[in-house]
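Each chain is listed here by its residues.
There are 2 protein chains.
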Amino acid sequence: MTAKTWAYEDFVEGASLDLGTKEVNAAEIIAFASEFDAQPMHLDEAAGKASILGGLSASGWHTCAMFMRMLCDAFLLDSTSQGSPGIEHVKWKKPVLAGDTLSGTVTVLAKRQSKSRPQLGLVTMRSELFNQRGESVFELENTGMFLTREAAA
Amino acid sequence: MTAKTWAYEDFVEGASLDLGTKEVNAAEIIAFASEFDAQPMHLDEAAGKASILGGLSASGWHTCAMFMRMLCDAFLLDSTSQGSPGIEHVKWKKPVLAGDTLSGTVTVLAKRQSKSRPQLGLVTMRSELFNQRGESVFELENTGMFLTREAAA
Numbered sequence: 012m013t014a015k016t017w018a019y020e021d022f023v024e025g026a027s028l029d030l031g032t033k034e035v036n037a038a039e040i041i042a043f044a045s046e047f048d049a050q051p052m053h054l055d056e057a058a059g060k061a062s063i064l065g066g067l068s069a070s071g072w073h074t075c076a077m078f079m080r081m082l083c084d085a086f087l088l089d090s091t092s093q094g095s096p097g098i099e100h101v102k103w104k105k106p107v108l109a110g111d112t113l114s115g116t117v118t119v120l121a122k123r124q125s126k127s128r129p130q131l132g133l134v135t136m137r138s139e140l141f142n143q144r145g146e147s148v149f150e151l152e153n154t155g156m157f158l159t160r161e162a163a164a
Numbered sequence: 012m013t014a015k016t017w018a019y020e021d022f023v024e025g026a027s028l029d030l031g032t033k034e035v036n037a038a039e040i041i042a043f044a045s046e047f048d049a050q051p052m053h054l055d056e057a058a059g060k061a062s063i064l065g066g067l068s069a070s071g072w073h074t075c076a077m078f079m080r081m082l083c084d085a086f087l088l089d090s091t092s093q094g095s096p097g098i099e100h101v102k103w104k105k106p107v108l109a110g111d112t113l114s115g116t117v118t119v120l121a122k123r124q125s126k127s128r129p130q131l132g133l134v135t136m137r138s139e140l141f142n143q144r145g146e147s148v149f150e151l152e153n154t155g156m157f158l159t160r161e162a163a164a
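Protein chains in written order, with my numbering: chain A, 12 to 164; chain B, 12 to 164.
FYI, nobody ran anything at the bench for these hints, they're computed from the structure.
Check each hint, because a few of them may be wrong.
When chains are identical, the list treats them as one kind, so a pair holds in a single copy or across two.
Pairs of lysine to any residue residues, derived as SDA-like cross-links and limited to a Cα-Cα distance of at most 25 angstroms, are as follows [what the hints assert, rightly or not]: (1) Lys105 <-> Asp55; (2) Lys60 <-> Ala26; (3) Lys126 <-> Asn142; (4) Lys60 <-> Gly97; (5) Lys15 <-> Lys126; (6) Lys122 <-> His100; (7) Lys60 <-> Ser45; (8) Lys33 <-> Ala85; (9) Lys33 <-> Pro51; (10) Lys102 <-> Thr32; (11) Lys102 <-> Met156; (12) Lys105 <-> Gln124; (13) Lys126 <-> His100; (14) Lys102 <-> Leu133; (15) Lys102 <-> Thr118; (16) Lys105 <-> Cys83; (17) Lys102 <-> Arg80.
Just so you know, these numbers come straight off a predicted model, no measurement behind them.
Construct all of the structure, not just a fragment, from the sequences and the given hints.
Structure representation (structure tokens):
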């Protein structure tokens, strides 16, 4: 038996998990943007205010990365995860601004065992992040690959 | 007139742009993963080799972020970009490993002016990254918002 809490068998269609919270701060927004997405609205408060985003806003990819960290801390690092073949969609619904506090949930939409690699199962999840006003800011649907409990043993 | 080279009008359906190259190194893979996606195969060569990825491999989100940097350097920072409402899909087709050199292209699939905000146009793009063996490792379809040349003036 694997010591991990979450193997393929442990995901239940329709079940939801809490993603905890993440405070979004200006220094992290600017550090991420400087390396990967140096558009003015992600680097500077005044430029953000002048843009349609209305303030210093996280790169959409930074929001994805913060989401991934929340997913890791919620269950992924305690799972038999073997990565993911891709993302069905991402919606950046509202700006994620410096000072926001994100919270979120992930819901299991569907699961199936791989035909070509029966030691693996595919779990499709829909995740959503909210800001401190309860507004939905981010939605993602993706598929993760997890070893079965037997294969992980 | 905006000083930017790329406004909404400058995108042509069917046109392709080169994304240059990016060398993927172990230190950057580990740094990104430590902050956002601390799964063993993104942190450690031996764990990567033991996984189905076959080596120390970039987090899929890190590949997205490296892609974004390539897009920024290719044209986005010299454009009237106003961000993006989301991603249609991402496919992580093959592992991106330490030592790989990525190259890529972006192709304009479609464009249309926003009905609710006529100063903005929506440009849908398909991007693809390849490794040094010419294998396609990453595919992404997304929509960017760009000010018209007049609105950016």
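inquiry  = Treating 25 angstroms as the Cα threshold, decide for Lys33 and Ala85: within, between, both or neither.
reply    = Intra 12 angstroms, inter 32 angstroms, cutoff 25 angstroms: intra-copy only.
message = Treating 25 angstroms as the Cα threshold, decide for Lys102 and Leu133: within, between, both or neither.
response = both (22 angstroms within a copy, 15 angstroms between copies)
inquiry  = One pair to classify: Lys60 and Gly97, alpha carbons no more than 25 angstroms apart. Within, between, both, or neither?
reply    = between (33 angstroms within a copy, 21 angstroms between copies)
task = State whether the alpha carbon distance between Lys122 and His100 is at most 25 angstroms within one copy, between copies, both, or neither.
result = Intra 17 angstroms, inter 19 angstroms, cutoff 25 angstroms: intra and inter.
task = Tell me, please, which holds for Lys15 and Lys126 at an alpha-carbon limit of 25 angstroms: within, between, both or neither?
result = Classified as within: same-chain Cα gap 23 angstroms, cross-chain 50 angstroms, threshold 25 angstroms.
key: Lys126 and His100: within-copy, between-copy, both or neither at 25 angstroms Cα   = both (24 angstroms within a copy, 23 angstroms between copies)
message = When Cα atoms must be at most 25 angstroms apart, do Lys126 and Asn142 count as within-copy, between-copy, both, or neither?
response = So Lys126 and Asn142 fail the 25 angstroms test inside a copy (39 angstroms) and across (28 angstroms) alike.
message = Regarding Lys102 and Met156, is the shortest C-alpha distance of 25 angstroms or less found within a copy, between copies, in both, or in neither?
response = For Lys102 and Met156, both the intra-copy (22 angstroms) and inter-copy (14 angstroms) Cα distances are at most 25 angstroms.
task = Could you figure out if Lys105 and Cys83 sit no more than 25 angstroms apart (CA to CA) within one copy, between two copies, both or neither?
result = both (23 angstroms within a copy, 22 angstroms between copies)
task = Could you place Lys102 and Thr118 in one of the four classes (within, between, both, neither) given a Cα distance threshold of 25 angstroms?
result = Both: 16 angstroms inside a chain and 21 angstroms across chains, each within 25 angstroms.
request  = Go through the copies and call it for Lys102 and Arg80: within, between, both or neither, with a Cα cutoff of 25 angstroms.
outcome  = For Lys102 and Arg80, both the intra-copy (18 angstroms) and inter-copy (20 angstroms) Cα distances are at most 25 angstroms.
ask   = Are the CA atoms of Lys102 and Thr32 at most 25 angstroms apart within a copy, between copies, both, or neither?
value = within (19 angstroms within a copy, 28 angstroms between copies)
Checked against the numbered hints given earlier, this structure breaks hints 2 and 3; the rest are met.
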